[in-house]
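Undergrad: All you need for the numbering used here is the position in the sequence shown, starting with 1, plus 14.
Simulated from the structure, these hints should not be mistaken for laboratory data. There may be inaccurate statements among the hints.
As the list claims (entries may be wrong) - Listed next, the in silico DSBU-like pairs over lysine-lysine satisfying Cα-Cα at most 35 Å (straight line):
1) Lys98 - Lys77
2) Lys88 - Lys98
3) Lys77 - Lys88
As the list claims (entries may be wrong) - Between beta-carbon pairs, the in silico distance windows are:
4) Lys77 - Thr126: 18 to 24 Å
5) Gly28 - Gly68: 29 to 35 Å
6) Leu67 - Ile43: 18 to 24 Å
7) Ala27 - Ile112: 35 to 41 Å
All C-beta atoms, glycine included, are put in the ideal place defined by N, C-alpha and C.
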Amino acid sequence: VQLQASGGGLVQAGGSLRLSCEASGRIAIIIPMGWYRQAPGNQRELVATFTSLGSTEYADTVKGRFTISRDTAKNLYLQMNSLKPEDTAVYYCKAVRIATGNDYWGRGTQVTVSS
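Could you build the full structure based on these sequences and the hints that come with them?
TA: Below you can see the structure in the form of structure tokens.
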């Protein structure tokens, strides 16, 4: 299984970006789950995720601004609106192997928000 995140870039504060995470390979064995981010000097943190019941959860810092979605092709998306400089980070997507719960991670895509 390979996960390829894309859609990052440089945007001004208040702007929008849409991240995509394309799954390839043995996608039947995975469920696309969530987005995480890591800013320089910080630990990787949860941004948005699907729960095991299919509902969504968001970090408090992005609630009302970001929306996570996925499609039947096992691709994952993150619509990011009203971006702030503090959203600047490398964003990673994660999928979970259905049978074992093991994680698969994409390489990450850089999001930079200028003030």
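Undergrad: Honestly, which of those hints from before does the structure not fit?
TA: Result: no hint breaks.
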